[in-house]
Every structure is written in structure tokens, then in C-alpha cells.
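Engineer: Sequence:
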Amino acid sequence: MRYFLVGLPGSGKSHWGKIWSEKISTPYFDLDEIIENNEGFSISDIFKNEGEQHFRNLETFYLNKLIDNYQAIILSTGGGTPCFNNNMALMNQKGSTLYLDPPIDKIASRIWNQEENIRPLFSHCKKQSDIIDTLQKLKNKRSVYYEKAKFHLNNWDKMTIKTLLK
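Note that the sequence shown covers residues 5 to 170 in this note's numbering.
Keep in mind that the hints were calculated from the coordinates and are not lab data. Quick caveat, the model's predicted, so the values are computed rather than measured. Do not rely on the hints blindly, as some may be mistaken.
[Claimed, not checked] Calculated pairs, DSBU-like style, for lysine-lysine (alpha carbon to alpha carbon, straight line, at most 30 Å): (1) K154 - K130; (2) K131 - K98; (3) K69 - K152; (4) K98 - K22; (5) K131 - K27; (6) K152 - K27; (7) K154 - K52; (8) K110 - K69; (9) K131 - K141; (10) K143 - K110; (11) K154 - K27; (12) K130 - K98; (13) K154 - K98; (14) K110 - K152; (15) K154 - K22.
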């Protein structure tokens, strides 16, 4: 079975994907890492040098490639992946989508406290409330896509995905 984790940046897609993958012995991939490794550039550099549309096309290309090559996979998508090129419909057709939707203040706290791997999306943020504002704007824009996921996991303190790990 293919499982696609979707949600805002910092929502726990990579964290839970890795744990779940080990628990059920299924290959795990992070779509952003796949793109960076295959293209030889960071996501920020691709955006800066080639533009967002090129990046979104790369996302769709590698998403399709992973689907073609794996019958069983756990894939952490980029926060915008479901919102472009009909990717959400493709993921729903080819597997199960899980929308990780913890409270925005919890995501912001985690991002604010990260010492390394500062996400370019939040580089302008001078305080934690700036991160909350940025996340809320993203959620307002992207929820229409995320809500199409087959499963909606929104209880952060008792994350429903833990039940999938049993």
C-alpha cells in the first residue's frame, strides 16, 4: 500500500513517516530530499534560479516516478505538493493520503525552536507570532487541498497516527 503524508511545513510528516516506515517495514521517502538529491540543488536554489512552476513540475515528476516504482511506500510530501498539478487526486487514486494537522501554535513552536535547517519560508520571521501568521495564511490557502485527504489526523497530543503504529 502507498501512504502519502500531507500537511503544513513542520506538521510532522517526516518525523512520523520515518517512524511508521520502520514499524511496518515499508520504504520511506521525503519528496523534497528526492528532488534535492536528484537535481543536485536545494529547494531554495531551485525556486530562486528556476522559479516555482519548475519546482512544482519537478515535484509532480518525482511523485509519479515513486508511484511507478513502488507498490508499497510511505512518502512525506512537501507542504505545497497536494496543491499543484492535480497531485492530491493522483495520491488519492494511487494510495491513502493522511493529512497531519496539529495546532498551528505547536508547529510554530517547533519551527521557532529549531536551531538548524531554518526553513526559507520562515526566514523573514523575527518572532514566533510571525511564524504563526505565516502558517495561518498557508493553511487558509491550502486547506481546500489538504481536506481532500482520506484521513485527517488533528489531535496532536494524542496523535492518531500512533494508533497506526500499533
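Engineer: Hints numbered earlier in the text: which of these fail when held up against the supplied structure?
Structural biologist: 1, 2, 5, 7, 8, 12
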